[in-house]
Each structure stands twice: as C-alpha cells, then as structure tokens.
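S.K.: Protein chains in written order, with the working numbering: chain A, 2 to 242; chain B, 47 to 199.
It is worth saying that the hints were derived from the structure and are not from the lab. Don't take every hint at face value.
[Stated by the list, open to error] Label-pair restraints from in silico Cβ distances:
1) A:Asn72 <-> B:Asn161: 49 to 59 angstroms
2) A:Lys236 <-> B:Thr48: 56 to 66 angstroms
3) A:Asn218 <-> B:Tyr72: 51 to 61 angstroms
4) A:Ile92 <-> B:Lys53: 46 to 56 angstroms
[Unchecked claim] Facing chain A, from chain B, some residues (calculated, C-beta under 7 angstroms):
5) Ser108
6) Val109
7) Ile111
8) Ile155
[As the list claims (entries may be wrong)] Okay, derived cross-link-like pairs now, DSS-like style, lysine-lysine, Cα gap no bigger than 30 angstroms in a straight line:
9) A:Lys236 <-> B:Lys162
10) B:Lys162 <-> A:Lys197
11) A:Lys212 <-> A:Lys164
C-beta atoms are modelled at their ideal positions from N, C-alpha and C, and glycine is treated no differently.
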Amino acid sequence: MYLPSKITSKYLALFLLFALLLVLPFRSFIANLLISFSNQRLIATQNSSKTIEELEKKNLILSLALKKNQNLAEENEKLRKALAFKDDKKIDMIGVEIASFDPSAWRRLAIINAGKDKGLREGMFAIDNDGFLVGRIVDVKNNFARLMLVDDPEFSLAVYIGKNALGLLSGGLDFIKIQYIDASDNVSLNDIVWFKVPLVSYPLYIGRVRKINENRNGLFLDVEVKLFNRNPLLKKVFVLK
Amino acid sequence: MTEKNLKALSTLLIFFLLDTTKPFVYSLAAEFTFLGVVLVCLNYPLKTSLFFAVIFGYAKDSVCISQTNFNLIEFIVIAIAIHYFLRNFHRKAVKIMIFLGVLIAHITINNFYINKASYLFSLLFFIHSSIIFLLMNRLFTEFILGTKNENVI
C-alpha cells in the first residue's frame, strides 16, 4: 500500500534540517535585527511615555492653577460683595469741542458744545488726545456745559503721587499745588501725579512733581506740580462718561 | 445813537468776543472788555460810559459761571470813579494815572474774589494789560474818535 504520509514526513524532516543549516549562520544577524527592532520600539515607547508624563504633569499643574484661580475669583467676588465694591465699567467717552471760554482772565473755565443732550453730568472728567487730565465738568445745561480746567483757582481733586502718597491737588493761576502730603510719604521730584477715576480701575495722569518745599512751621510738604497737559491751543477734549 | 457811540459799541463787542473766544487761550493775561470799558469811560461822557458799563458788565456776568453781578457792579463803579477823577483832576498825565489805579484795583479785587493771591499772574496781567491798553488807546483815538488825542496817555 502506498503511504504518501511517510514519504512526506521524511522530506519534511530533510527540508527543516536544510533550512536550519541555512539559517544558522544568520542567527546573530537575525538576533541583532530583532534586538534593534525591539530597542527601537522600546526607545520610542520610552520617549512617548516621557512626553505623556510631562504633559500629564503640566495638565495637573494647570488644573491646579485653574482651581486656585477659581478659588481666588470666588474669594475676590465674596470680598467685593462684603466690601460693597462696584464692578469695573468699560471706558466710554465722548469727543467735544471747546466753544468758548469764561471772559474773566482769573478763571480757567471752558464752555463745551455738549450738555444734557449728550448725556453729560456734573463731575465727569475730561482728557486730552494724549489721555492727560484736562478738567472736570462743573455745570451742565441742555446743550452746553462748563468745564473747569485743572489750573482754575477753585479746582481741587484727591490725587496720588508716585505709588501711594495721597494728597489734595488744588489749582492756581501761579502754581498748581498738592496739599496734605506728609514728609514720611517719600515724595521725590518727577514723581507722577495721577488719580483713579471712580468706578473705573485705570489711572489718569495729571503731571509730575516739579518742586518740593519743606514747611518748617507746618506738618505737611508744599508740592508743586507741572501739568502734562499744557497745550495752549486746546480745542478738543474727550469727556469720560 | 450817534456814529461815535456806535463805533464804541462795535469796538466793545469785538473786545467781548475776543474775551470769550480767547484766540491766544491763556497765553495772554488780559481782559479786553475791561480795558475797553476803561477806554470808553476815559473818552466818553458819564451817561454813555454808564450805558456801556451796564451792558457789558451784564453780558460778562451772563457768560461767567458765578451767579453774582460782580462785573456789572465793578464796571459801574469804575465808570463813576473814572468820571469823578476826571472831573476833579485836570493834569495831562491824569488819564494814565487813573488807568493804572483802576488796573491795580481790578487786580486786587479779583485776587480777593478768587480767594487766592496770585502774585506772578497779577504781575503778568498788569504788564499785558498796560501794553494792550496803550495799543488800544492809539487805535481808538486815531481810527474811532478820528483825532490824535494827545491828552490820553
């Protein structure tokens, strides 16, 4: 009886032996190939795992920072409510032209071509093109208003000098002075004089400290201010609403 | 109203407009209306001077922020005082002395009015006003009165 399975197994064994003998010299090569491949895989895996780890760290840090900020925002909101602070308003202004001036040379009052019809109110501040304070509205009619300039003898405003010195700026025809500045406030020459517009959290600059006189008989310093806005041909101003 | 009075009225109107428009803004420390009223008072009779003093004093008060009639009273007093001195003093240089006296009085009153003593500005005001008054007087006497009034300053 013919049994092909026996013959096949012999040939199969011979083929495998031949194949083994053929492959044996390339063993190291195959091993190197396999190792290098696995190394590449391993290195790639390590790199990506490091990147992932770093990203995860960053993510964690950011999520912690976000939580911290959320907590701070909540805390800030609570404190604002507790102290009855009002929310910041967006900057809104209207450009007006100076129609005429007070005929008296002893006052610094300008008449502007906008009044209640444009929504102006007493106490609003006016700035020039460079954003420096020009004056404050003191009288509003239907279609015009009076603007008291900073150097008017009756002008007064609570201002800051430098970082934290607080004083009262009072206008004048000769000099513009800041009163009630204590010697311990560390005011120096060329310090910027500014003030904060109510309800808006940005500063408006007025001028620089020009001169500081120590008053021997008084408690406070005499501080003179040089205005930033010294445009002699002032024609247009912007009123902060 | 005579031609002479009309000329004075138009001149004072121009001065008033100069004060309100202020072409030199605050570089020039002078009040044209005040100087014009003084000039009219020095060259016109009392009635005409009072008329102009009332009109322009009232006009100035109506433009000013203060609710008082400060300028109206001041101009009327100036008109009366100038004519009083012109009536009682007859020297050639009396007009310049009257003008300087009125100017110093105006400066002093305004320093009290603003509740602040502005020495530098007062000095500047005195100098500017004196020079402008000199020029205005020349123009006024030659072109408006039509005469070379040597008696005025």
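S.K.: A separate judgement is required for each hint: does it hold in the structure or not?
M.R.: Here is how each hint holds up against the structure:
{"no.": "1", "hint": "A:Asn72 <-> B:Asn161: 49 to 59 angstroms", "verdict": "54 angstroms, holds"}
{"no.": "2", "hint": "A:Lys236 <-> B:Thr48: 56 to 66 angstroms", "verdict": "39 angstroms, violated"}
{"no.": "3", "hint": "A:Asn218 <-> B:Tyr72: 51 to 61 angstroms", "verdict": "33 angstroms, violated"}
{"no.": "4", "hint": "A:Ile92 <-> B:Lys53: 46 to 56 angstroms", "verdict": "52 angstroms, holds"}
{"no.": "5", "hint": "Ser108", "verdict": "10 angstroms, violated"}
{"no.": "6", "hint": "Val109", "verdict": "5 angstroms, holds"}
{"no.": "7", "hint": "Ile111", "verdict": "6 angstroms, holds"}
{"no.": "8", "hint": "Ile155", "verdict": "10 angstroms, violated"}
{"no.": "9", "hint": "A:Lys236 <-> B:Lys162", "verdict": "27 angstroms, holds"}
{"no.": "10", "hint": "B:Lys162 <-> A:Lys197", "verdict": "27 angstroms, holds"}
{"no.": "11", "hint": "A:Lys212 <-> A:Lys164", "verdict": "18 angstroms, holds"}
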